[in-house]
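Trainee: Below are the chains, spelled out letter by letter.
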Amino acid sequence: MRDVIVVGGGLAGLVAALRLRRAGLHTTLVHMGRGGLQLGQGTIDVLGYRPSLVAHPLTELGEFCALEERRGGPTHPYNLLGVEPVRVGVGFLRELVGEAMAGDIETNVLLPTALGGLRPTTLYPASMAAGTVSLDPSDPGALHDGSRVVVVGIEQLKDFSCQLVAQNLATIELPGGGRLETRSASVSFPGRGTEADSNAVAIARALDRPERRRDFVAALGRLARRGETIAVPNVLGLTDETFTAIADGLGRPVFEIPLPPPGVAGMRLTDRLTDLARAYRVEMILGSRVIGAETGLGRIRSLRLGTAGHETDLEARYVLLAPGGFESGAIELDSYGRLHEPALGLPLAVPDAELLNDSWAGEQPIFRTGVATDCTMRVVEPATGEPVHENLYAAGGFLAGAQRWDEKSGEGIALASAVRAADSIIEQLKES
Amino acid sequence: MSTTAAERGLQNDGQPSESFSVWNHLKKASPRLNNNPNSYEAQQLNRLSLDQCVKCTICETQCPVTRVTEMFAGPKFVGPQAERFRNGESVDHTLDYCSSCGICTLNCPQGVKIAELNSMARAVMKQGHMPLRDRLITQTSLEGRVLTPVAPLANWALQRKPLRVAVEKVIGVHRDAPMPVAQSQSIRGWLRHREGPMARRPGQPDRGPVVFFTGCAGTYFEVETSKKTIEVLEHLGYTVIVPRQGCCGLASQSNGLFDQARSSVVKLAGDLAKGGRHVPVVTSSGSCAGMVKHEAREIMGVEDRTVTDIGARMRETSEFLLALADAGELPTDFERIEMTIPYHAPCQLKGQGMGMPAIRLMELVPGITVVESGENCCGIAGTYGLKKEKYEVAQAVGRPLFDKFKESGAELGACDTETCRWQIRAGTGMDIVHPIHVIHAAYGLSDIHSPQV
Amino acid sequence: MADLTVDVVVIGGGATGAGVARDVAMRGLSVALVDRADLAQGTTARYHGLLHSGGRYVVSDPESARECAEENRIVTRIHANAVEQTGGLFVVTPDDSEEYADGFLAAAASAQVPAEEITVAQALAREPRLNPGIKRAFAVLDGTVDGWAMVRGAAESARAYGAHILPYHEVTAIHRDGDRVVGVTVRDVKAGADKRITCRFVMNAAGPWAGRVAALAGCEDVDVVPGRGIMIAMNHRLVNTVINRCIKPADGDILVPVHTVAIIGTTDVKAADPDKLPIPRAEVQQMLDAGEALVPGFRRARAVHAWAGARPLVKDTRVSASDTRHMSRGMSVLDHASRDGLAGMLTITGGKLTTYRLMAERIVDIMCEQMGEDRPCRTADEPVPAAEGAPTYTVTHRLADREKDRRDDQIICECELMSKSMFLDLLEEDPSATLDDLRRRLRLGMGPCQGGFCSTRAAGLMCAAGARSSVQATDELRGFLKHRWIGLWPILAGGQLRQAALDEWIARGTLDIDHAPGQTDPIEPYPVGTEIDERDRARARAVIGGQEVPA
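Residue numbers (full-length UniProt numbering), protein chains in the order written: chain A, 1 to 432; chain B, 1 to 453; chain C, 1 to 551.
Incorrect hints may have been included.
Unchecked claim - Covered stretches of chain A, as calculated for chain B (at least 3 residues, CB under 8 Å):
1) 33-46
2) 70-82
3) 140-151
4) 194-204
5) 370-376
I should point out that these hints are in silico values taken from the structure, not numbers from a laboratory.
Backbone N, C-alpha and C define an ideal beta-carbon position, used for all residues, glycine too.
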């Protein structure tokens with residue numbers, strides 16, 4: 001009988017499966033579709049706002065949790081986990097991907113956005129390092145007062161306006177004082193053939209090819225001036241080697257700015273983690289929805305998958321759910337305004353407020369809906385705190401209590417909870 | 001467009017005229033499709049699923065055809081996006097580049113039936129414009145019956161460049177398109193002429209009957225694969241029943257010949273049902289399995305009870321054997337085979353949502369390491385890569401896979417479906433076999449290093 | 001203060017006002033059309049898009065039915081580009097009695113409305129999503145119309161005849177010299193400057209706001225009661241024919257395919273203030289149930305947007321009975337000369353969009369009579385410029401267009417297939433256009449993603465084109481998403497909630513829009529129908545008064 005079924009192919013699911021597999025457990029990862037890493041920006045957000053800007057995510061976590069405690073409603077995952085699991089989770093990711101992610105878990109940096117703002121994050125791909133603005137007074141950071149940046153757009157890429165980014169960036173008062181000096185420019189670089197409309201992935205794939213990359217580097221080299229850092233949109237290859245080749249070819253600082261989906265940096269991370277899962281022999285089942293479970297004696301015996309033609313019952317000792325939140329359809333609101341969790345019918349922790357309100361400028365309470373867990377990430381009844389099933393755990397966006405996008409906490413929660421849940425399972429299997 | 005009074009159905013005094021029919025006028029002003037190849041059931045299933053699309057672009061990033069050519073607008077574009085702009089008719093022709101590989105649907109986190117929407121729209125688009133070639137190449141069973149008696153000659157002829165060039169010009173099958181190798185003896189011939197079933201393992205009790213679904217390729221071209229599947233099943237104690245059976249209609253379906261495809265799959269289900277009720281149906285034709293399990297229903301709306309029943313009992317060979325292994329019922333006293341085998345899981349196998357059972361199955365054999373390709377599609381997509389206007393696209397799609405296989409330096413590679421094997425063989429020069437060949441050899445029934453067909 | 005002198009000022013840029021302006025201009029008089037916001041932002045574009053066959057009124061108001069049938073043909077011809085000839089069906093659902101249906105054909109014949117009974121099988125073959133339990137079905141010549149495109153078309157025609165079309169010009173005063181109207185003062189909302197327009201006549205076509213406008217001229221007690229109705233657009237065309245329930249007109253008895261969506265409507269509740277039109281939960285549920293009766297499975301389909309519009313209903317005891325002789329049905333005309341002793345102003349309100357041209361003809365006839373001008377109406381004779389030589393609208397046309405130009409022109413709004421050049425051409429024509437102004441003309445952000453992907457691209461283009469500074473473009477983006485939210489939060493469920501989650505992930509997560517340059521909650525240039533307005537009005541006033549905008 002397999003040891004664990006992990007449901008969900010996003011950051012939490014992949015990392016949990018890798019953690020479990022590394023401990024020698026027979027692990028199956030079931031996912032309905034490709035995970036959401038490529039819908040985000042490919043960085044690791046631990047905590048960005050509380051709601052004031054966070055410079056030291058681990059140090060300031062306590063204050064954030066105190067605020068969350070006062071707010072009431074479903075408990076925030078960080079309140080359940082505390083600092084240590086965050087450290088462990090992020091550390092594990094670092095182990096898995098090595099130098100692919102730069103940054104210091106103790107101190108956030110600011111990175112330029114595709115709107116020309118500056119946004120906090122904790123770990124980031126090496127390809128974004130030259131764009132970091134420091135939140136540590138003792139560290140000048142890559143960009144600081146007086147830094148000159150040329151924001152280069154690609155004509156064929158409609159998701160990035162170099163003028164918008166360059167002009168907005170220049171208006172920002174930097175944390176260390178002063179401003180950036182920016183200008184905009186653009187190059188023509190169709191992803192395929194002579195098309196006018198290329199998405200970021202098409203351009204990234206083209207840059208993975210040396211002959212096309214050469215042209216791109218030459219074009220950038222021609223338009224950059226001395227002492228300028230080059231900012232480009234997130235297109236610098238689907239392999240990590242592409243960025244290195246481009247940076248070496250340019251011989252000057254260059255960084256990429258995250259875009260709306262498709263997120264190329266997120267795709268790189270997904271590919272890396274999926275390659276590891278394949279190498280570790282995590283059994284991956286893509287394309288079937290979890291449609292139910294067989295339970296008995298307080299445990300889940302098997303998960304039912306909607307495989308083609310006939311349903312399949314997968315038996316396992318433990319189940320770890322990391323299917324995401326509303327964005328994946330893992331939690332649904334029907335037309336009558338009723339919330340439910342469609343796969344297993346789990347009870348949901350729901351904020352005690354009007355779930356949706358008319359104010360676009362504020363947060364919408366509904367997004368704090370999710371499953372409740374105890375601090376080991378075992379799924380519990382929100383009202384009583386009792387485990388729903390002895391062997392059922394959860395992680396990531398599926399958890400209640402967080403506003404991941406506003407707080408900039410999604411990846412931190414995913415990593416901390418995934419590793420915590422996996423470790424809980426490993427402990428229990430080792431004991432038995 | 002201004003209309004005369006008469007056209008508006010009025011007499012000169014503004015009164016509706018006697019002969020004017022509101023209903024006829026309505027039908028003319030806002031026509032519906034004549035001879036809609038799509039059934040209401042399929043349309044509803046798929047059109048409803050377009051509501052799930054949140055434009056996340058994941059399908060576009062995985063689509064193998066989008067990766068290699070700008071001629072294709074992408075699965076999101078021609079599927080859930082364009083469908084909102086269709087009223088039955090298909091005005092967008094880049095749709096033709098969709099290979100129906102199904103990688104989009106497979107990767108969609110929201111459950112949008114993208115490939116199915118595309119297939120339906122393409123069937124509409126091809127109505128009345130069906131190339132003769134597409135009618136010919138979908139006659140897979142007929143091809144087999146015709147070529148088998150003259151196999152050596154046929155094989156020789158299919159290698160001759162001038163003939164292939166002529167075929168390309170006249171019919172539109174690319175001169176370099178991978179062709180199946182005709183066999184002198186079909187599986188039926190082999191079954192008739194062999195002395196008896198393969199002996200059971202010593203001490204192996206009777207496991208009861210199992211129906212074997214050969215598939216057209218398994219009947220006429222990939223006969224070795226069928227033989228080995230039957231032999232392994234018999235070795236494991238099964239009584240293998242091979243009813244007279246026709247074509248599942250997959251090739252017809254992919255080419256938009258829905259009527260033909262529907263009647264084929266219904267007839268096939270009836271054929272296989274003759275093997276007995278509640279009897280498992282095993283096949284080494286993975287894409288045909290997919291047709292019966294779900295594609296016939298999801299693309300063409302086939303709601304036939306027998307098809308559903310056979311589909312529920314259908315198992316691909318690796319799926320079947322791995323389930324036995326997980327239940328502790330598969331003997332694993334395999335011979336050691338030291339080999340690293342590059343493996344590619346075909347799109348239509350992945351699309352059945354059961355993962356890649358062949359990997360774990362083959363690795364039950366001591367010494368075997370399987371290296372899964374990590375690639376989406378080999379490019380052939382059934383009959384797509386045969387077509388002269390699609391051949392280059394298909395080759396570009398498969399190139400990264402071919403490169404990986406070649407770089408492995410392995411003696412042979414594995415892949416579960418026949419047209420994919422032909423494509424990869426042609427693209428790499430390597431022997432590519434169905435995973436059952438490995439199991440067959442691991443049970444000591446053959447030598448893994450001897451020539452494979 | 002800039003000066004403009006015209007014969008007629010038309011207040012209100014909806015169907016009525018645009019129709020009047022076109023008619024006046026085609027009769028050779030000079031005219032200025034003013035609206036405090038964009039054209040067709042009042043009642044006209046906030047309805048379900050039905051171009052009546054008249055079938056709806058054959059029993060309750062045969063005269064109105066006859067007018068609709070007649071005008072339907074004319075509008076289809078002169079506004080071909082904005083009209084889709086979907087046809088319509090009247091169906092008796094399992095829950096309806098057949099009583100109404102029994103009299104339907106006879107009533108239609110006597111009202112000269114073309115109608116024909118068809119079999120249920122024929123109806124279901126044409127519209128497979130229809131409730132299979134329907135008992136009877138009738139075919140009629142309903143069509144659907146894009147209200148914005150129609151009003152634009154009329155305005156462009158008027159402009160071709162010399163009219164001044166002035167959206168975002170709010171009337172702040174109507175000037176009288178004794179007992180005559182002599183002109184108006186308008187404030188150019190976008191430029192922030194006042195203009196004085198001299199005229200002989202004022203046509204008050206301000207719909208639900210007509211009372212407020214009349215009061216500016218000192219004509220009190222023009223009591224226009226807004227009749228609020230909500231509508232919900234479903235993500236895809238569940239039907240391709242207009243579906244009417246064959247009963248006495250009731251709430252939620254019409255399902256209308258317009259462009260890429262299907263719209264269910266509507267309700268009818270008296271509202272106190274046309275600038276505050278909520279979309280109550282109970283009414284949303286009512287509309288979903290109404291949809292379910294016509295199309296089983298409606299609730300599982302995706303609701304993509306909702307809105308509220310207000311019908312203007314005049315309750316004026318002073319209107320003289322004899323006035324109704326020349327009127328189009330449902331239309332009210334207030335002759336301020338006889339009513340208030342003020343010459344040179346008429347208020348026109350009510351009516352249906354289908355008969356807008358006829359209403360305009362009637363009231364311009366009265367105006368000419370009062371002005372002593374003998375000029376015949378020609379509006380039925382000539383298509384508007386956009387409709388010249390154009391076929392009627394088909395849902396496939398944008399797909400065909402993009403097929404042709406996809407390799408050369410980027411598609412900015414992928415959901416609605418709006419290309420970059422479509423956007424930039426309009427922006428060049430009117431650099432002060434907001435993203436919403438452009439949306440109304442191009443359907444930007446009106447598809448499933450509701451601006452989640454396309455609005456950022458569009459804001460970027462505004463900046464790149466120099467039409468906005470980067471900070472202004474960022475605020476445009478915020479304003480656009482904020483306005484989209486008004487019509488989203490009341491109906492968010494199922495697939496649209498998933499979309500909203502992804503859109504939030506992008507906007508707040510990746511783009512961090514809350515901390516980007518500009519104002520987190522930008523000022524509204526005009527009321528947008530929710531309670532937020534009060535705060536905005538205060539801030540807008542503060543800005544115009546030269547004060548600092550509070551953070």
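Trainee: Each of the hints needs a verdict: does it hold here or not?
Mentor: Hints and how they fare:
1. Proximity of the region 33-46 of chain A to chain B, defined as three or more residues with a beta carbon under 8 Å from a beta carbon of that chain, is established by the 6 residues found.
2. With 0 residues bearing a CB less than 8 Å from a CB of chain B, the region 70-82 of chain A misses the requirement of three and the coverage assertion fails.
3. Check on the region 140-151 of chain A: 0 of its residues sit with their Cβ under 8 Å from a Cβ of chain B, so the three-residue criterion for coverage is violated.
4. Counting residues of the region 194-204 of chain A whose CB lies closer than 8 Å to any CB of chain B gives 5, which reaches the minimum of 3, so the coverage claim holds.
5. Counting residues of the region 370-376 of chain A whose C-beta lies closer than 8 Å to any C-beta of chain B gives 0; at least three are required, and the coverage claim is violated.
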